[in-house]
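Student: Sequence:
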Amino acid sequence: MHAPDTEFDADDNFANFAAGLGAEDEIDEDASTEQLVWQLLLLVNPGDEETALQQFGQYQDATADAGEDEVEPAWLLKDIIDWKSGFQVHDEDAVAFVESLTELVSRWNLELDWGVEDPTDDEFLANADTAALIRTAYDALRAHGYTLWLWETGTETTAGWITLSRDDEAMRAIAPALGIEVRTGAG
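With our numbering, letter number 155 in the sequence shown gets 155, and the count goes up by one each step, no holes.
Rather than coming from a laboratory, the hints here were simulated on the basis of the structure. A quick note: this is a predicted structure, and the numbers were derived from the prediction, not measured. For every residue, glycine included, the Cβ atom is placed at its ideal position computed from N, Cα and C. One thing to keep in mind: the hints can contain errors.
Claimed, not checked - FRET-style restraints, in silico, Cβ to Cβ:
| id | residue 1 | residue 2 | range |
| --- | --- | --- | --- |
| 1 | D113 | H90 | 19 to 25 Å |
| 2 | A186 | T120 | 22 to 28 Å |
| 3 | D65 | A132 | 40 to 46 Å |
| 4 | T120 | R166 | 29 to 35 Å |
| 5 | A66 | T120 | 34 to 40 Å |
| 6 | D79 | E117 | 32 to 38 Å |
| 7 | F124 | E169 | 31 to 37 Å |
Let the sequences and hints guide you as you build the complete structure.
Tutor: Dropping the structure here:
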């Protein structure tokens, strides 16, 4: 397993790549899908290069078996990062959404304030609106310096991941370069 051969230093968490990346900036057209996948994995695993490297190895193994041109990076990455660095739940499944976000933020020893004493309370979850929970989670994460991202899957699911807020512009550039349409949980 190895990191992609690129001009950025993986130890700097793609600092050379993302430095000064603005909203109008575009990804280098010569960047390979593998390079973009590596950069995305670094974003969705803030401060955890070891997990990013493990997930990158899984990506390389899957594309070696199927051929990189035959794989849609977004769907492959969704499977690789699910419940570790990302989530995908049915749109109306508030229970799974709260559980998955709670699991993801536990990596940083965070607890999200869902606006209730017990976010696992059956009555709260039975009446919870997933869209409202997304906005609540987004606001709570922003207070801690993170951004909740949602991936437009084109299915009846809500999928996404969490990055450092300082990496927002990098995410806005990298995800579309991989064919992943993203938006923040702000709405």
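Student: Now tell me if each hint is right for this structure.
Tutor: Evaluation of the provided hints:
1. Distance hint check: the CB atoms of D113 and H90 are about 24 Å apart, consistent with the given range 19 to 25 Å.
2. Between A186 and T120 the Cβ separation comes to about 25 Å, which falls inside the hinted range of 22 to 28 Å.
3. Between D65 and A132, the C-beta spacing of about 41 Å keeps the proposed range 40 to 46 Å intact.
4. Judged by the Cβ atoms, the range 29 to 35 Å given for T120 and R166 holds: they are separated by roughly 31 Å.
5. Hint check: A66 to T120, Cβ distance near 39 Å, so the stated range 34 to 40 Å holds.
6. Between D79 and E117 the C-beta distance comes to about 35 Å, which sits within the given range of 32 to 38 Å.
7. Evaluation of the 31 to 37 Å hint for F124 and E169 yields a pass: the beta carbon distance comes to about 35 Å.
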